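Chemist: Given these sequences and hints, build the entire structure.
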Amino acid sequence: MKKFILLVFLTFIGSSIFEVNAQQSGIAILDKVPADMQLFARDSTNYADVDFLGRVQVSGYAYFSVVRYRNKTRDSYQRKALQYNGSQAPFNFSFKIKAELAENDFEIYACKSGSDSTLIARRENIVAGDFYLIYGQSNAVAWEVDYAYRNEFARTYGSSGGAAAWGLANAIGQRVGIFGIEFQRVIAERYQIPTCILNGSAAGASLIDLTDKSSFYGHLLNAARETGLLPSLKAIFYWQGETEASSNDPLTWAPRFDKLVQMWKEDYPMVKKIYVFQLPLFGGGPYDDRIGVLREQQRTLDRKYPIIQPYAALGAEGWNGFHYGLEGYLQLGRDLADMAGYNHYGEKEKISSPSLQKAFFSTPEKDEITMVFEDYQQMVYPKDTVAVNIEGSLEPSSVFSMKDYFYLNAEWKKLASGRAEANKIIVKLKEVGNDSTIKYLPSKYHYSGLLNAAWVYIGPFLKNTKGQRAFAFHHNKIFPYTNLGILTLAAAEQDKQVILKWNKLPDATGYILERFEASDTLAAHEILRFPANQLAYTDPSAKKGIPYIYRIRGYTDQSESKLASTTITKQSDDIDVILGEDPTQELSINVYPNPVTDLINIVSARSGINLVELFTMNGKKLKEAGYANKDWATFNVNELSSGQYILRVYYGSKVSTSKVVLVR
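Take the sequence shown: its position 388, counting from 1, is numbered 388 in this note's numbering, and each next residue is one higher.
Rather than coming from a laboratory, the hints here were simulated on the basis of the structure. Please note: incorrect hints may appear among the correct ones.
[Stated by the list, open to error] In silico DSBU-like cross-links for lysine-lysine, where the CA-CA straight-line distance does not exceed 35 Å:
| no. | residue 1 | residue 2 |
| --- | --- | --- |
| 1 | K501 | K659 |
| 2 | K501 | K630 |
| 3 | K504 | K562 |
| 4 | K570 | K501 |
| 5 | K659 | K623 |
| 6 | K543 | K562 |
| 7 | K562 | K430 |
| 8 | K98 | K621 |
| 9 | K383 | K350 |
| 10 | K273 | K358 |
| 11 | K654 | K543 |
| 12 | K96 | K620 |
| 13 | K96 | K272 |
| 14 | K477 | K348 |
| 15 | K623 | K98 |
| 16 | K273 | K466 |
| 17 | K259 | K623 |
| 18 | K273 | K259 |
| 19 | K403 | K304 |
Computed from a predicted structure; not experimentally measured.
Modeler: Have a look at this one:
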């Protein structure tokens with residue numbers, strides 16, 4: 001199977017698909033022209049350049065022209081007089097095409113006069129858009145069934161045996177797969193942006209195979225370079241690890257993956273995000289708890305590599321223990337598009353797989369455990385699932401309850417119940433114990449020796465309100481009970497601003513304040529963090545007539561208080577400016593604390609924040625983050641060393657620059 005896929009992939013990238021090598025038409029040599037079906041990378045203005053370069057080699061022609069058609073309707077025209085240098089006359093043209101659901105055709109003419117012209121070439125169905133890569137093994141190939149769907153704005157390039165060419169995704173080899181084209185469909189329909197995906201995955205490939213530059217890795221890299229799209233690569237989707245997980249030593253995956261990351265850093269330094277899939281639960285074979293270690297390593301990759309966005313691939317429909325069917329892969333494609341919305345397409349709301357942040361006993365009796373997920377998550381505790389049992393079971397079906405698939409000190413079925421509360425899952429114990437670790441989901445399913453068992457675990461799963469499944473986590477520490485006290489939050493209106501005040505929790509190391517509009521069905525959060533000695537906040541960004549819900553909680557590294565909340569609708573007009581010590585200085589952007597230790601809070605009193613950049617004092621850009629028109633933003637600097645930096649904030653059509661001091 002590997003040899004077959006490698007042969008197809010070698011054919012796929014074996015010849016350049018671009019018309020950048022000189023082509024002779026008799027009248028002209030075309031040094032650079034687009035190819036039929038080609039996708040060009042859009043820039044920050046949402047346009048792409050399409051260039052034409054060549055030489056007329058027959059005398060007697062007065063000018064050269066190019067006609068552009070948008071959706072088969074003539075849209076623009078360029079002409080240039082020819083200046084012969086000996087027997088040849090060079091020409092060049094450049095058109096800008098918009099990234100949209102529209103196709104562009106071009107006709108190239110050599111002209112002796114207005115009524116005497118010769119068509120040199122015609123290129124059709126050219127678009128502008130975004131570029132992605134898929135890499136991994138069989139689940140990244142994602143072709144368990146023959147899926148007939150095609151989309152004119154979902155592109156790839158490759159070969160089905162002849163010369164390499166641009167084409168529709170899944171219409172030519174190598175296919176982008178089912179979740180790949182579903183991702184493309186959603187991006188086209190939701191954001192009106194065409195995409196090109198290149199899939200270099202191979203069934204059964206280990207990380208040793210996938211880091212071999214003479215094989216799959218090198219072939220995909222060369223193909224990506226040939227496209228001309230590589231400098232604009234948006235993201236890589238990586239699903240792999242089944243081979244290592246089912247081997248004699250699943251722990252070989254992590255060091256091999258570190259090698260792959262270093263190769264990516266060298267060859268794909270421009271990539272904006274790398275999405276790494278956490279493996280679902282396998283069916284069959286002996287139980288190996290080290291597979292849970294592998295999943296934990298995948299879950300926490302973003303802590304080691306901030307460019308990585310882990311994704312929980314478990315829990316979609318139709319899992320058979322090894323692969324998904326059509327509906328499961330389609331669901332994964334939609335999940336990935338939801339995640340890309342925040343990272344690449346300006347969505348205000350961040351959507352991702354919920355990942356455990358900490359777990360602690362939340363009652364002094366130690367009969368309740370609270371699991372905290374990311375601040376922006378809204379968790380859902382699932383109902384029971386009924387699954388058909390395998391042949392030989394005593395009963396035809398089994399009822400699976402979520403509470404039974406948490407493991408305290410590696411033992412299951414120790415919980416009585418569970419519930420969701422905001423970004424938390426809270427579980428009650430059957431008996432008070434001295435448990436120190438908690439695990440969610442087995443490392444492998446099914447268990448040998450059970451009297452009743454389904455072939456594969458199909459749920460239930462912890463989810464958020466967006467349907468994204470939570471990551472499996474492996475023997476995480478349960479912190480002891482800490483009585484942080486009861487927090488209260490009060491809101492009032494003063495000087496056209498909302499004033500928030502709360503009481504001090506003596507043992508809290510800080511406070512997390514959330515804000516969202518009461519009418520926002522998405523419950524898109526904006527979050528600020530405050531030090532332990534701050535007990536009030538003035539919100540200059542609150543708008544007149546909008547009901548806001550504010551929620552606050554105290555926290556430590558090991559625990560959190562209960563939420564306190566309040567709702568207020570500001571009645572006064574919005575403030576126009578905030579003045580500094582100099583009355584002529586407009587301070588519409590608040591940046592604090594300063595000095596800072598880890599997170600910078602940024603609040604805009606006027607226009608929404610779009611982009612934040614951080615520079616050294618010498619002007620070298622260190623990092624940036626997009627915020628999609630947010631009034632509140634937090635900017636993480638915990639990976640940087642102490643010193644002075646320049647912070648640049650883009651809001652509305654304006655830019656604010658300030659100096660910040662980082663103290664360790």
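Chemist: Evaluate each hint against the coordinates.
Modeler: To see whether the hints hold, each was checked on the structure:
For the proposed pair K501 and K659, the alpha carbon gap of about 28 Å is at most 35 Å, so the pair holds. For the proposed pair K501 and K630, the alpha carbon gap of about 23 Å is at most 35 Å, so the pair holds. Taking the CA atoms of K504 and K562, the gap is about 14 Å. The hint holds against a cut of 35 Å. Between K570 and K501 the alpha-carbon distance is near 16 Å, which keeps this suggested pair within the 35 Å criterion.
For the proposed pair K659 and K623, the alpha carbon gap of about 15 Å is at most 35 Å, so the pair holds. For the hint pairing K543 with K562, the CA-to-CA distance comes to about 28 Å; that is within 35 Å, so the pair holds. Of the pairs offered as hints, the one joining K562 and K430 holds, with about 23 Å between alpha carbons and a cut-off of 35 Å not exceeded. For a cut-off of 35 Å, the pair hint linking K98 to K621 stands: about 29 Å separates their Cα positions.
At most 35 Å may separate the alpha-carbon atoms for a hinted pair to count; K383 and K350 meet this at roughly 25 Å. Our distance criterion of 35 Å between C-alpha atoms is met by K273 and K358, whose separation comes to about 25 Å. A threshold of 35 Å between alpha carbons decides the hint, and for K654 with K543 the separation of about 19 Å falls inside it, so the pair holds. Between K96 and K620 the alpha-carbon distance is near 31 Å, which keeps this suggested pair within the 35 Å criterion.
The hinted pair formed by K96 and K272 meets the criterion: a straight-line CA distance of about 24 Å does not exceed 35 Å. Among the hinted pairs, K477 with K348 is consistent with the structure: their alpha-carbon atoms are about 33 Å apart, no more than 35 Å. Of the supplied pair hints, the one linking K623 and K98 holds, its CA atoms being roughly 28 Å apart against a limit of 35 Å. With a C-alpha separation of about 21 Å, the suggested pairing of K273 with K466 holds against the 35 Å cut-off.
Between K259 and K623 the CA atoms are separated by roughly 23 Å; this keeps the pair inside 35 Å, and the hint holds. Between the alpha carbons of K273 and K259 the distance comes to roughly 17 Å, so the proposed pair stays at or under 35 Å and holds. For a cut-off of 35 Å, the pair hint linking K403 to K304 stands: about 31 Å separates their Cα positions.
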